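Using the sequences and the hints given, assemble the complete structure.
Chains A and B, in that order, are what the protein sequence lines are.
Per this note's numbering: the first sequence = residues 1 to 111.
Per this note's numbering: the second sequence = residues 112 to 226.
These are computed hints drawn from the structure, not numbers from a lab.
Since the structure is predicted, the reported quantities are computational estimates derived from the model, not experimental observations.
A portion of the hints provided could be inaccurate.
Ranges of calculated distance between the beta carbons of each label pair, as one might list FRET restraints [claimed, not checked]:
id, chain 1, residue 1, chain 2, residue 2, range
1, A, His-77, B, Ala-131, 36 to 44 Å
2, A, Arg-81, B, Lys-182, 32 to 40 Å
3, A, Gln-42, B, Asn-162, 35 to 43 Å
4, A, Leu-80, B, Gly-139, 16 to 24 Å
The C-beta atom is built at its ideal place from N, Cα and C for all residues, glycine as well.
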Amino acid sequence: DAKTTQPPSMDCAEGRAANLPCNHSTISGNEYVYWYRQIHSQGPQYIIHGLKNNETNEMASLIITEDRKSSTLILPHATLRDTAVYYCIVRVSVQGGKLIFGQGTELSVKP
Amino acid sequence: EAGVVQSPRYKIIEKKQPVAFWCNPISGHNTLYWYRQNLGQGPELLIRYENEEAVDDSQLPKDRFSAERLKGVDSTLKIQPAELGDSAVYLCASSLDRRTADTQYFGPGTRLTVL
Chain A
1 DAKTTQPPSM
11 DCAEGRAANL
21 PCNHSTISGN
31 EYVYWYRQIH
41 SQGPQYIIHG
51 LKNNETNEMA
61 SLIITEDRKS
71 STLILPHATL
81 RDTAVYYCIV
91 RVSVQGGKLI
101 FGQGTELSVK
111 P
Chain B
112 EAGVVQSPRY
122 KIIEKKQPVA
132 FWCNPISGHN
142 TLYWYRQNLG
152 QGPELLIRYE
162 NEEAVDDSQL
172 PKDRFSAERL
182 KGVDSTLKIQ
192 PAELGDSAVY
202 LCASSLDRRT
212 ADTQYFGPGT
222 RLTVL
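Next comes the structure, spelled out in structure tokens:
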């Protein structure tokens, strides 16, 4: 699985969009980009995943660059409850198996 | 729909004592995972089950750790004897089927403290 690079921490004002970047320059053609988050004292929570196209669900949007070497997770209207560690993971989905978590980005949403 | 259930939520033991963690996955999920998360780090996979079969246990310290998933539903992870370095959060996750998108759903974890 390809390695990812994320900033260790970010701040965001409540109500504003939070844009979390992830670099995955060694991603392979069959590897998906997954995002999970972990709120303090809870288990990780799935947010979204994508292969090539941009994706949107009720939680967030995922923007993947055309060359697939980087992506951005967008929380359109961040709330205090979005304060968490966000993990960007790349993996071959259809093979299943483990998620390899890096250090993630600690997002702090401030009032 | 109930999520992944784990118990206990917290456990404090002295070193050299045994300890066991229990996990009940989401109903119908065939794949079950045990992860360990050290303080300040991301979770790391210990073992993965497909139904009753352990298909990836390469990261499980087999000298002191054991796991079972009888009948392909609930699972138990055991440590015997525990060491100071085993203090961590032990997370259980499940997914419907590894052949699909394989979204993993995590339980709240068991925080183990070894004194």
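Within 35 to 43 Å or not, the Cβ separation of Gln-42 (chain A) and Asn-162 (chain B)?
violated (27 Å)
Does the Cβ distance between His-77 (chain A) and Ala-131 (chain B) fall inside 36 to 44 Å?
This hint holds: roughly 43 Å between Cβ atoms.
With respect to the beta-carbon atoms only, verify the hint that Leu-80 (chain A) and Gly-139 (chain B) lie 16 to 24 Å apart.
violated (34 Å)
Hint check for Lys-182 (chain B) and Arg-81 (chain A) - Cβ pair distance inside 32 to 40 Å:
At 37 Å between Cβs, range holds.
Comparing the model with each numbered hint stated earlier shows that hints 3 and 4 do not hold.
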